[in-house]
Amino acid sequence: MGPYITSHIDRQGAGDSRPTALQIIKDQELEGKLAGKTIVLTGARTGIGLETARALSSTGANLILLVRDVEKASTTLGDILEPGRVSLVDMDNASFASVRTAAATILTQTNNRINILIANAGIMGIQERTLTEDGYEMHFATNHLGHFLLFQLLKDALLTASTPSFHSRVVVVSSSSQRARGLNASDNYNFEKGGYKYELAYANSKLANVYMANEIERRYASKGLHATSVHPGAIWTDLPRHLGREFIDNIMGNEKIAKWFKNAEQGAATTVVASVGKEWEGTGGKYLEDCEEAKRGADDGAVFGVGYVKHTYDPEAELRLWKDSLKIVEMDDDTE
Numbered sequence: 001m002g003p004y005i006t007s008h009i010d011r012q013g014a015g016d017s018r019p020t021a022l023q024i025i026k027d028q029e030l031e032g033k034l035a036g037k038t039i040v041l042t043g044a045r046t047g048i049g050l051e052t053a054r055a056l057s058s059t060g061a062n063l064i065l066l067v068r069d070v071e072k073a074s075t076t077l078g079d080i081l082e083p084g085r086v087s088l089v090d091m092d093n094a095s096f097a098s099v100r101t102a103a104a105t106i107l108t109q110t111n112n113r114i115n116i117l118i119a120n121a122g123i124m125g126i127q128e129r130t131l132t133e134d135g136y137e138m139h140f141a142t143n144h145l146g147h148f149l150l151f152q153l154l155k156d157a158l159l160t161a162s163t164p165s166f167h168s169r170v171v172v173v174s175s176s177s178q179r180a181r182g183l184n185a186s187d188n189y190n191f192e193k194g195g196y197k198y199e200l201a202y203a204n205s206k207l208a209n210v211y212m213a214n215e216i217e218r219r220y221a222s223k224g225l226h227a228t229s230v231h232p233g234a235i236w237t238d239l240p241r242h243l244g245r246e247f248i249d250n251i252m253g254n255e256k257i258a259k260w261f262k263n264a265e266q267g268a269a270t271t272v273v274a275s276v277g278k279e280w281e282g283t284g285g286k287y288l289e290d291c292e293e294a295k296r297g298a299d300d301g302a303v304f305g306v307g308y309v310k311h312t313y314d315p316e317a318e319l320r321l322w323k324d325s326l327k328i329v330e331m332d333d334d335t336e
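Numbered per UniProt numbering, the sequence shown spans residues 1 to 336.
If you're looking for bench data, these hints aren't it; they were derived computationally from the structure. Here the structure is a predicted model, which is why all the values come from computation and not from measurement. Fair warning: there could be bad hints in the mix.
Capping the alpha-carbon separation at 25 Å, the derived lysine-lysine pairs in DSS-like fashion look like this [what the hints assert, rightly or not]:
no.: 1; residue 1: 327; residue 2: 193
no.: 2; residue 1: 223; residue 2: 323
no.: 3; residue 1: 278; residue 2: 37
no.: 4; residue 1: 259; residue 2: 295
no.: 5; residue 1: 278; residue 2: 26
no.: 6; residue 1: 223; residue 2: 278
no.: 7; residue 1: 310; residue 2: 323
no.: 8; residue 1: 310; residue 2: 37
no.: 9; residue 1: 310; residue 2: 295
no.: 10; residue 1: 310; residue 2: 197
no.: 11; residue 1: 278; residue 2: 33
no.: 12; residue 1: 323; residue 2: 193
no.: 13; residue 1: 223; residue 2: 310
no.: 14; residue 1: 278; residue 2: 295
no.: 15; residue 1: 37; residue 2: 26
Ranges of calculated distance between the beta carbons of each label pair, as one might list FRET restraints [what the hints assert, rightly or not]:
no.: 16; residue 1: 305; residue 2: 6; range: 19 to 29 Å
no.: 17; residue 1: 28; residue 2: 87; range: 32 to 42 Å
no.: 18; residue 1: 298; residue 2: 319; range: 24 to 34 Å
Where is the CB? At the ideal position from N, CA and C, for every residue including glycine.
From just these sequences and the hints, can you work out the full model?
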């Protein structure tokens, strides 16, 4: 039994006894212990990304925080920004050009050595089917393709930085929405065949997050690079802003559901466990929730359900998505 299982049994809503990201750092005795390591984090300006950045800053690691609005991020992250150690880089996950520009900046700043990449940025609730400037469905492009391209561009730096005592890691922030359904077919990632609903698009992109991590582990574990995916929990951040106030009020008005919600500090805890937790040194390929590896859940498609489902681990679908994604972002497969 892991140390945080009991605290997740009697859920009482945001701010209850479930651990925060900073508590994880303290429990792992990592305050000031990662000086010289480099962590890259996307979507750091608000929500769980902001709290992940704050907690990881306490380790003494060098942080490169990727944000869409540097000016606003300079305000929200001002208490941890530190020249030469904690810095901001502009990046829009929905734009391949922006991702490529940001990656080039990161590689220069890090001298091509990165220890941890955290793919946290995301969107949810685009109610009308919308394509990016590159021609891809907005959820799929922002939540998956942008992170996939970023990984491909930073991969060599992650492999170079890996050592026998500190393997490099990739953490991909997913969602329990991945439980809802299997992955779209190769010719329907953009809902070209119709049937678009934001719930389906979001679930599709969040399952892609899991598959990306699973495939990274399969391909690069032997080279000292590991990956996990995480469900941070139900947290009210600005993620569902596209859905409107009425949607939020209806959800929070359900007392049973409201008890499952965490605050942002608690929501960042599982990401931090996956990123720096000693129990994940030298291993990966798992889907985490509530600061532990997720257990087998019911194949009921419930978005608020607990545990992984049958399609969470699917090597055939994971490989298919990987190869399709390489073609989309125009990158070569280096493991063939």
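Cross-check of the supplied hints:
no.	hint	in the structure
1	327 - 193	20 Å, holds
2	223 - 323	20 Å, holds
3	278 - 37	15 Å, holds
4	259 - 295	20 Å, holds
5	278 - 26	12 Å, holds
6	223 - 278	19 Å, holds
7	310 - 323	22 Å, holds
8	310 - 37	36 Å, violated
9	310 - 295	12 Å, holds
10	310 - 197	23 Å, holds
11	278 - 33	12 Å, holds
12	323 - 193	21 Å, holds
13	223 - 310	28 Å, violated
14	278 - 295	20 Å, holds
15	37 - 26	18 Å, holds
16	305 - 6: 19 to 29 Å	20 Å, holds
17	28 - 87: 32 to 42 Å	24 Å, violated
18	298 - 319: 24 to 34 Å	26 Å, holds
The structure fails hints 8, 13 and 17 (numbered hints given earlier, in ascending order).
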